[in-house]
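Trainee: In order, the protein sequences belong to chains Z and B.
Taking my numbering, I'd label the letters of the first sequence as residues 1 to 478.
Taking my numbering, I'd label the letters of the second sequence as residues 479 to 722.
Any given hint could turn out to be false.
Partial selection, computed: residues in chain B whose CB lies under 7 Å from chain Z [as the list claims (entries may be wrong)]: (1) Gln554; (2) Val570; (3) Ile583.
Since the hints were made in silico from the structure, they are not lab data.
Treat the numbers as computed from the prediction; the structure is a model and nothing was measured.
Every residue, glycine too, gets a C-beta built ideally from N, C-alpha and C.
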Amino acid sequence: MKYQELEKTKEYKYGFTTDIESIKAPKGLNKDIIRFISKIKKEPEWMLDWRLKAYARLKNIKEPNWQKPKYPKINYQDLYYYSAPKSVKNKPKNIDEVDPKLLETYAKLGIPLKEQEKLSGIAVDAIFDSVSVATTFKKKLTEKGIIFCPISEAIQKHSDLVKKYLGSVIPIADHYFATLNSAVFTDGSFVYVPEGVRCPMELSTYFRINASETGQFERTLIIADKGSYVSYLEGCTAPMRDENQLHAANVELIAFDDAEIKYSTVQNWYPGDKNGKGGIYNFVTKRGACRGKNSKISWTQVETGSAITWKYPSCILQGDNSVGEFYSIAITNNHQKADTGTKMIHLGKNTKSKIISKGISAGHADNTYRGLVDISKNASNARNYTQCDSLLMGNRCGAHTVPYIKNKNLSAIVEHEATTSKINEDQLYYCNQRGLDQEEAVSLIVNGFCKEVLQQLPMEFAVEAQKLVDISLEGSVG
Amino acid sequence: MLEIKNLQVSIDNKQIIKGLNLTIKPGELHAIMGPNGSGKSTLANVLSGKNGYEISGELNFNGESLKKIPTDKRAQRGIFLAFQYPLEIPGVNTNNFLKTSLNSIRKAKGEKEIDALSFLKLVKEKTSELGIDEKILSRQLNVGFSGGEKKKNEILQMKILDPNLSILDETDSGLDIDALRIIAKGVNSSRNKKKSFLVITHYQRLLDYIKPDFVHVLSDGKIVKTGCSELAVELEKTGYKKLN
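Working from the sequences, and respecting the hints, build out all of it.
Mentor: Written as structure tokens, this is what we have:
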């Protein structure tokens, strides 16, 4: 561990790097690299074919550029697509075999994997650069028939499930970053909850980018069979680096009849320094399909990190009476930029969706909510409620709201409410008069503003998220 | 307790207070009356440390000049302002707000933070003493409160924070007689040898319930007349015009 680096990281406490020997594939994006990844992961033939198909497609499509935050051109040939700590080359069978340095890193991040097994009731899959290093609580989950493992393992052991559902929500040819991910994804989590099973604990994945000049392309697939329930949470951090690092993940959720998936994200990738140097480009595709009737998918995201956040966790409401929810807090400070929101595609009858978005901008940051509510011809009695609130701190930041509504069914009811406000000097004065200092006052007001979304998070993470909100905005009001 | 000498206050180059002198000793209750625009609310804001004013003259609290002390530190030293228009803060639970507030004041005094149970007890005691419905504590701070509820909430906060100097900025405006009684009760039950009050009001009505030691008439940024509680009654009859 480089302790002197830790000293510098007061603003971003996860900014340390771990000195660990790693195996890297050579820089560049080509068929050989894809073959290398597939081989080192011991993938079956079909998986490699799938990746190559995506790669072939990639060459014919262009990066999208309609988003608000612009970024310098990414040289895809100048990135490492695979990086793994040497010590996990031969996969550890249990936590005792994991490199102590890795365990130390996770302990420092607040995830003591070893104690995790015994103490808390959360099963964790930890992803370090391109590989999964440990999955806790496996035994307990196996007893219920729940599969929770690295996707690389699932590709080998649960090949038929992966083959059937991978890419069924986000097709290979979806768009540039999704296609890129399909070609080069390295690891991620796989969850399958069998019919009628209620997952007894929170499932959680922790992503960590460590190596420099590395892109992280993880892939997560969650399948909730009929009448099942699962709550899943992901957290992310990265070291502080001067260069921008790309993170392009794909997350696919599938809920069958009467099943429910709750997916929460606390995203705290390195946001870059005060002048906007460095930071993660977080270009992520997340999509859930409510395939069965009465199914439900709920996205909750707290986005505080990254130089640029560009993502729209979406729901395809296919089954009749299915429900999609999107709760979001996006905080941008200094030079951070976010263009985020959701898409709710209503296909089935009596489908319902709810969108609650809270955007907070401070410093020179720019925050855009972009959303689509699409009601198809057959979605009788579809219902949507959208509420987008923006809070501005200071006078150099920006907030934008771009809601699209397409409605082809007359029986549908669509509501959209939006507010934009500046953090109110009088509110601050009122809090100050009650003995709260400026930071406490800001924290109180902002947390109040975000409350509806914070409430959606699993208890264990709500407190952490609240602290994160405070830290992200520290020093933003003079 | 409070000593104001030749206070001059301007905002945007417009002078509002033009040489005001006022001394409040421990245990005293002073009322300030005056027509609209005479500088009453400005005085309240200057005392509590609101930004944006140009100030000259002396402003001392317990022997210490307040001029460079920010609002939160003044509050921690025991200055409380019951707002004329209490602010709404969505999503913030009234109970939590009060607890956070009390704890930051306790912390500044070097006292231990109050635990949840003792706080609950304190709140119960104060609400029942004042006859305020406890339910307002579980609501979002001032959000959707009626005018009366907002003012009652201010007085409840005053009771719980137990300040040395309480400034009431037109707390009585727009209240019905029952709410007015609650406000008066809150003030009267807090009065003792150590606590001081500055009650700013338009009308003599409140002073039927709260008996001031001194009544000052503020007009055009100056105190033009000082007397005992009878002055208020007289003003009610004659109006402010005669004083100029």
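Trainee: Taking the numbered hints from earlier one at a time, note which ones the structure violates and give those numbers from smallest to largest.
Mentor: none
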